[in-house]
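Work the whole structure out from these sequences, hints included.
2 protein chains.
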Amino acid sequence: MALSGTTQNGTSNEFGDLNLSITGLGVEYPPYLLEPSDLDTLCKRHYAESPAVRAINNYTGIDTRSAIGTVDHPMANMDRAPTIEELCAVFLKDGVALAVTAARKALHEAQLSPSDITHVVSTTCTNSANPGFDHFWRIGKPAYGSEPGARKLISGQEGQGVSGCVGDQQFVGEKRAGQHLGFDVHPLGWKVVLSPRVPKLAAAVVEPAFNDLISTIPNLPPNYKNAADFDWALHPGGATILSGVERAMGITPEHMRASYDTYINHGNSSSATIISVMDRLRQKDMDEIAPGGKVKDFVVGCAFGPGIAVETCILKRNMNHVRRTLVTTGQVTPPETESEGSRSEGEGELEADIQGMKDKGEKLSNTLSSVHPEVPEQGDSLTAALNGVDLD
Amino acid sequence: MALSGTTQNGTSNEFGDLNLSITGLGVEYPPYLLEPSDLDTLCKRHYAESPAVRAINNYTGIDTRSAIGTVDHPMANMDRAPTIEELCAVFLKDGVALAVTAARKALHEAQLSPSDITHVVSTTCTNSANPGFDHFWRIGKPAYGSEPGARKLISGQEGQGVSGCVGDQQFVGEKRAGQHLGFDVHPLGWKVVLSPRVPKLAAAVVEPAFNDLISTIPNLPPNYKNAADFDWALHPGGATILSGVERAMGITPEHMRASYDTYINHGNSSSATIISVMDRLRQKDMDEIAPGGKVKDFVVGCAFGPGIAVETCILKRNMNHVRRTLVTTGQVTPPETESEGSRSEGEGELEADIQGMKDKGEKLSNTLSSVHPEVPEQGDSLTAALNGVDLD
Numbered sequence: 001m002a003l004s005g006t007t008q009n010g011t012s013n014e015f016g017d018l019n020l021s022i023t024g025l026g027v028e029y030p031p032y033l034l035e036p037s038d039l040d041t042l043c044k045r046h047y048a049e050s051p052a053v054r055a056i057n058n059y060t061g062i063d064t065r066s067a068i069g070t071v072d073h074p075m076a077n078m079d080r081a082p083t084i085e086e087l088c089a090v091f092l093k094d095g096v097a098l099a100v101t102a103a104r105k106a107l108h109e110a111q112l113s114p115s116d117i118t119h120v121v122s123t124t125c126t127n128s129a130n131p132g133f134d135h136f137w138r139i140g141k142p143a144y145g146s147e148p149g150a151r152k153l154i155s156g157q158e159g160q161g162v163s164g165c166v167g168d169q170q171f172v173g174e175k176r177a178g179q180h181l182g183f184d185v186h187p188l189g190w191k192v193v194l195s196p197r198v199p200k201l202a203a204a205v206v207e208p209a210f211n212d213l214i215s216t217i218p219n220l221p222p223n224y225k226n227a228a229d230f231d232w233a234l235h236p237g238g239a240t241i242l243s244g245v246e247r248a249m250g251i252t253p254e255h256m257r258a259s260y261d262t263y264i265n266h267g268n269s270s271s272a273t274i275i276s277v278m279d280r281l282r283q284k285d286m287d288e289i290a291p292g293g294k295v296k297d298f299v300v301g302c303a304f305g306p307g308i309a310v311e312t313c314i315l316k317r318n319m320n321h322v323r324r325t326l327v328t329t330g331q332v333t334p335p336e337t338e339s340e341g342s343r344s345e346g347e348g349e350l351e352a353d354i355q356g357m358k359d360k361g362e363k364l365s366n367t368l369s370s371v372h373p374e375v376p377e378q379g380d381s382l383t384a385a386l387n388g389v390d391l392d
Numbered sequence: 001m002a003l004s005g006t007t008q009n010g011t012s013n014e015f016g017d018l019n020l021s022i023t024g025l026g027v028e029y030p031p032y033l034l035e036p037s038d039l040d041t042l043c044k045r046h047y048a049e050s051p052a053v054r055a056i057n058n059y060t061g062i063d064t065r066s067a068i069g070t071v072d073h074p075m076a077n078m079d080r081a082p083t084i085e086e087l088c089a090v091f092l093k094d095g096v097a098l099a100v101t102a103a104r105k106a107l108h109e110a111q112l113s114p115s116d117i118t119h120v121v122s123t124t125c126t127n128s129a130n131p132g133f134d135h136f137w138r139i140g141k142p143a144y145g146s147e148p149g150a151r152k153l154i155s156g157q158e159g160q161g162v163s164g165c166v167g168d169q170q171f172v173g174e175k176r177a178g179q180h181l182g183f184d185v186h187p188l189g190w191k192v193v194l195s196p197r198v199p200k201l202a203a204a205v206v207e208p209a210f211n212d213l214i215s216t217i218p219n220l221p222p223n224y225k226n227a228a229d230f231d232w233a234l235h236p237g238g239a240t241i242l243s244g245v246e247r248a249m250g251i252t253p254e255h256m257r258a259s260y261d262t263y264i265n266h267g268n269s270s271s272a273t274i275i276s277v278m279d280r281l282r283q284k285d286m287d288e289i290a291p292g293g294k295v296k297d298f299v300v301g302c303a304f305g306p307g308i309a310v311e312t313c314i315l316k317r318n319m320n321h322v323r324r325t326l327v328t329t330g331q332v333t334p335p336e337t338e339s340e341g342s343r344s345e346g347e348g349e350l351e352a353d354i355q356g357m358k359d360k361g362e363k364l365s366n367t368l369s370s371v372h373p374e375v376p377e378q379g380d381s382l383t384a385a386l387n388g389v390d391l392d
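Sequence lines, in order, name chains A and B. So that you can map any letter, position 188 of the first sequence is 188 in UniProt numbering, and since no number is skipped, the others follow by simple counting. So that you can map any letter, position 107 of the second sequence is 107 in UniProt numbering, and since no number is skipped, the others follow by simple counting.
These are calculated hints, taken from the structure and not from any lab test.
Simulated pairs of lysine-lysine, DSSO-like, Cα-Cα distance not exceeding 30 angstroms:
{"id": "1", "chain 1": "B", "residue 1": "Lys191", "chain 2": "A", "residue 2": "Lys191"}
{"id": "2", "chain 1": "B", "residue 1": "Lys191", "chain 2": "A", "residue 2": "Lys93"}
{"id": "3", "chain 1": "B", "residue 1": "Lys200", "chain 2": "B", "residue 2": "Lys296"}
{"id": "4", "chain 1": "A", "residue 1": "Lys44", "chain 2": "A", "residue 2": "Lys191"}
Here chain A is said to cover these stretches of chain B; the calculated rule only asks that three of the stretch's residues, wherever they fall, bring their Cβ under 8 angstroms from a Cβ of chain A:
{"id": "5", "segment": "121-132"}
{"id": "6", "segment": "295-308"}
Facing chain A, a subset of chain B residues (Cβ under 8 angstroms, in silico):
{"id": "7", "residue": "Glu85"}
{"id": "8", "residue": "Phe183"}
{"id": "9", "residue": "Val185"}
{"id": "10", "residue": "His186"}
{"id": "11", "residue": "Pro187"}
On a predicted model such as this, the values are computed, not experimentally measured, just so you know. Ideal Cβ placement from N, Cα and C applies to all residues, glycine included.
Here it is as structure tokens:
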């Protein structure tokens, strides 16, 4: 894919001029899949007195979440909460292994070796490590470069999944909407700050960001004007964020098919998720449920960050690209499980999943409306979760 | 200043071609200066039984360290160590204020307004905050850009000082030498991993990094070949790192005059320090003690990071640059103190300071040799401190 965007001084960027391409993408999720019933088991162990938490778990619209262990993982079964130091140790062991595998997949597709890489950019909200995973990976002789030939490896790591892509980045149209989402340090790990207004704010901020972005790319084909003319790779921050953006932008779940599929099968993996969505969107079975059966040449990439900030970009598909898939040996992390693979096989199944997820969301909304007629402006993360946000 | 470097694929970069310049630099230290006697007071309060810690404090070669408070600051006088959460709160209050002031200075010199900025890069080893300080600063409409006209604000924040520069960056010649320096999370803050081999490793890695860098810039004037032909802006990680690089590279303290001056007057402010050194190097009084009275047109920038990693760049001075200095009101942070200003007035004083620092280092080395004939390969941070490393 090639990326386009705009500059602060109003000059426009052509896809060719920018010379930015994603030449390889790699995604690696941990091997275990947890269903709502598994999380219910965990909740009962630690929060037996909080039926509300257990109820929410059934309304997220997430069928399975990828995890580094089962509900019997020692870290999830201590007689106290793990400390930030203990969480760091698990991250460095399991997170780094996932990042290395994802990076290898991306490099394989791009036909590059680690020594070709001049610049590594990684992102995570789950840990802080100095040196970072690139140190453990020991990629030849890394160096920063800004010349057109520079090859950069962009990678994300989260508790639930890891994604990587080779290419470059251009984010534009960032809008800020107050501090409603954050992650600050605490002796027990990074604590999420999550306002119940996140879904509404996120949905509202996408339209101006999209309009700003489109206005700076004058040479798009004439049939790419409105949101529904594009495919969408939206960060699936939660069920109500997906449905809110749909309503705000006049698009359908089919436009965001890869966002739904990723969310339903793996949940929200925070900053790494957008790369997973982009990887999913290019897979053959996703084309079958494109709106009106027509796969779009241009894709809107859209992700949310702390603040809230929203970052958008336009990607152009490379239809001639031959995808080279690296078969992993399973030595670093086990290969994807059977149930994960079978999840995304057919058109009918995903559409049924999306409908099921929407029904659940509506039911939860109705229940909430009768219990809490007004969502408070500021609330705790429980309220936010009740609104269908999946912890960023 | 303009920057130069090289690419992984062997193509060379000319200063003009790269189109990268630092057009503004801003540095802001917190208002208090702590002397070794102040730290001794603190040590006696909390570690009365550890005379070794107190002794080291007299051998760092640091006359004063910049601090956000006196030894009576509440955070330094609790009946327990502060938690990572409490440290985060202090950082967000005092660190963000310093970063904003430093950024304003840099913007003022560059004659830019916040809305001109397309990209903010910030660095710190002292905290993790999402959103970061740029959120609080609320700079117009930030966006990433890679086109030549993009203006980026690079900023660093540390416990002791804050630096900022407007420009772009190019790091090359990164060499890795095992994990001897790190910062990982802990309920009581980021814990330093510091091996006693850091000074030796750091000194040893600079020569190959410098040689790699020089070999990729073929069009330097013929009188810029060896290390001593350049001025040096070296990260002052500790007294023995400075003296070790001197020996390894055949350069004098006068080549690294700004590194010594920054270290002696403010200590090591971690990742932000290199920007302070660059800002100090361009000041008039520094020119008076240039080697042989000759200020060099080209400067080697060299900093160390976790791993250890070393990053080097070549900067070309802009002799025609007229520096615009922002007079701060003192509302955000008090202006520099009298003692800080008087520190760097004359040639004689700094040279005497450097000599005094070296004498102390030698005395400590001799003492250590008689007590510990061999420095262990792996040791605790106390041993490292005894070797003249100032906590990264």
